[in-house]
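Asks: Chain residues, written in single-letter form:
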Amino acid sequence: MKRSLGARALWAVVVLVGGSSPSEAGPWAVGKGRLYANFAFETLSTTRLATPDGNIQTIPELGLRQFGFYGVFGLSDRLTLIVDRVGYRRTEIEAFDAAAGVEDTRFGLQWQLGRKGAWELAARGIFQAPTGDETKGLGVLPTGSGVWEGEARVGGGRSWREGRLYGYAEIGHQFRGGALRDAFSYETQLGYWLHPRLLVGATLRGVQPYRSEPADDAIGSPSGLGDGVTYAVYAPMAIVKLGGGTGIQVEIEDAFNETNLATGVKFRIKFFLER
Amino acid sequence: MRFETMALVGFGWAALATGCGDSGGVPTPFQPSPGPVANTTTTTSAPAPPPSPPTTTTSVPSGPRTLRRATFVNANGYVTEGTARIQMEDGVYSLELDSDFRTSNSAALDVRLCTNANCTGDHLSLGALQRFGGRQSYPLDNAANAYGFVTIYCLAVRLPFGYGRLQ
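For the protein sequence lines, the chains are Z and R, in the order given. Residue 29 in the numbering used here sits at position 29 of the first sequence, with consecutive numbering throughout. Residue 84 in the numbering used here sits at position 84 of the second sequence, with consecutive numbering throughout.
The shape of chain R in the complex, shown without the other chains (with noise of 0.2 Å):
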């Protein structure tokens, strides 16, 4: 039921952010940030002496900015490597596994984020893991500054195969 939920929030997300095009489900691909979101409004200031310059601020289309990045480590002698980041792209957030992400090939693993390093306490599972390496998405209803750990967890053995601390 959870995972039918994401990928319909995965759906509406990357629908808004191809304009209703036919990549439904798909991550949006990453393009470079252009810094911080600038308000799309134009404003001109009243018939006066000219002093100052009209302040004007440009419409450009928002890109993704990464909020917090983690760079996996092995654990429990299993491999897991690669980079991940939280990110917000028009409003919405999700964590992405970046090009280099690799898992030891194993099944139920799930992608969550966690409070410790071995995902003993609080936790926030974002669903099970696409694939065993390369880029995927994962969305998040917000920014989950709770968690510092992003997790690769084996629901079989209820242990971390990998984890990096979100900085």
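Isolated chain Z, as found in the complex (with noise of 0.2 Å):
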């Protein structure tokens, strides 16, 4: 079946100019100059805890509800800026408390490793500031860990089909300030064009710390900032480009394996741009 010339075209720029990754991580740079910003909002209620010893216990409903910015701009060709979240979150437990304010924020770099075919391999490291306040809710609802992190990842991607399938995987090594346990983190990520302007999906992700002996510091226990905190993320997601270089992002994530942290589904929407 022949394609059309204005669907090879969408085509042609969906490789050439999104990259085969339009998702925000992946090994794919943006190209020197370029620009790839979203805003999110995402939102889980749940009255699932996964406690430090890894058993699911029934709490008050949990409510979480987020705002952030994710953008990346092409410094060069091999060297891309990025600001992985700016965000805003609100979290209550029923009959506790809420508490609201802005999260720790993530910037760093991505290094362009090299290209080999189909085949793109980059390295990423990211600093992660103090700028939540890990005091909020009684120390239960913080919106922040209050100390500085950072995380180091490599990851190759390729795609295939023109682009129209691509798939990438990464590893890294999550670093936590204080007393909170280092942690390895993965994830990887399949991504297929249905059409030019409509792509379907799947993540996994998590992370998991090297040390499982209960925690000391509960701080934060249902937030997921605390100490020893585990999972891992299944997200299938579908993307709309609107025109214009902008889109949409849905996804749907829910979680298994994890401790420390209040689970359930959450619905994430991300209004994104490119230029």
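No lab work stands behind these hints, which were simulated from the structure alone. Among the hints, a few may not be true.
FRET-style restraints, in silico, Cβ to Cβ [to be verified]: (1) Z:Phe184 with R:Arg165: 35 to 41 Å; (2) Z:Phe41 with R:Gly121: 39 to 45 Å; (3) R:Glu81 with Z:His173: 29 to 35 Å; (4) Z:Gly63 with R:Leu67: 22 to 28 Å; (5) R:Leu124 with Z:Ala238: 49 to 55 Å.
Note that beta-carbon positions come from the ideal geometry of N, C-alpha and C, so glycine has one too.
Please dock the two separately framed chains into a single complex, following the hints provided.
Replies: In structure tokens:
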């Protein structure tokens, strides 16, 4: 079946401009002088708490609402500046308390390690500044961990079928300050362009601390910012390009293999802009 | 309101124990127990042949007497360790967390006496945990024999961080 000239042109734009992954992670660079940014809203309502020993307990309803900004800018064809997250969150636990405030801020750089055929390799370093407040909600509903953190990742990805199908995998080390234990981090994503304006995909990502003994520091336990937080998240997603470099990304995620955080089905919507 | 009431009870107890000293609200330091409290009166037999010596009981200050003791174990992956005692001193009851007590650093922790380890049934709240570690004292109205467990309970997520069976 022959594709129209217009559809071919759109595919070419997808492959050349957006890289193979239009979502915010992945080893592809945006290119010198180019920009990708999104504004996200996410919401979670759950009564499920994964305790530090990994058991699931029922707790009073916890509600979480988050707004976040993510942006990348191509400093060169190999170096990309990343504002990984500037966010605001509001958390409440039924019949206990509610707290809101600015989250910890993440920023960093991505360096393209190389390209061979359809393969792309990159390394990324992220710093997390403690701009949140770890004392909110008596320390049970913090907006940040209260310490400097960081993450180093390497990843590789490739595309197939003229860029219609792509996949990548990343592994990393999560550095956590204070008494918070470090963790191994990972992420993989597969995406397929059903139509030049419509992508469907799925992400699997998580963190796994290197040590699993009971948590001495349980502050922020339900918030996912405390010590020994473990999770694996799977998230189906869809992206619709609206035109003019804008689009919408919708994700639904759930978690397994979790400890020391409240988990449940999380809904996320992002409005993005590519220039 | 309940905390204030307990603070007042604690003050009154400390004041009694120290002769209205200036240690209001501060738990009474542990003293070795002299054993069962003796009667403080002295009685002498009437004028009669001397067969038996006069029965005399010596007056001694009463010290704390441990009624039940518990050793904490972790719950739900949170750290809680050390020992607790329900004690009586001069007719005043209290729950004492010993110097080896330690629990996970968290907020909204309550000290409770419960009928089971998960504290899901009847319970008696003794107030907010004063410190995450070390010796501390919580006044009781009586020996609280109806409760078999002492629990460190998180009010936010309504789960125990640790408990000990009182024996």
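Asks: Go ahead and decide if the range 49 to 55 Å is satisfied by the Cβ distance of leucine 124 of chain R to alanine 238 of chain Z.
Replies: Roughly 54 Å apart at Cβ, these two residues keep to the hinted range, so it holds.
Asks: Using the C-beta atoms of phenylalanine 184 of chain Z and arginine 165 of chain R, is the stated range 35 to 41 Å upheld?
Replies: With a Cβ separation near 38 Å, phenylalanine 184 of chain Z and arginine 165 of chain R satisfy 35 to 41 Å, so the hint holds.
Asks: Given a hinted range of 22 to 28 Å, is it respected by the beta-carbon distance of glycine 63 of chain Z and leucine 67 of chain R?
Replies: Between glycine 63 of chain Z and leucine 67 of chain R, where Cβ atoms are some 44 Å apart, the hint is violated.
Asks: Between phenylalanine 41 of chain Z and glycine 121 of chain R, does the C-beta distance stay in 39 to 45 Å?
Replies: Between phenylalanine 41 of chain Z and glycine 121 of chain R, where Cβ atoms are some 41 Å apart, the hint holds.
Asks: Okay, glutamate 81 of chain R versus histidine 173 of chain Z on CB: inside 29 to 35 Å?
Replies: Hint holds: Cβ distance 31 Å, inside 29 to 35 Å.
Hint compliance for this structure: hint 4 alone is broken.
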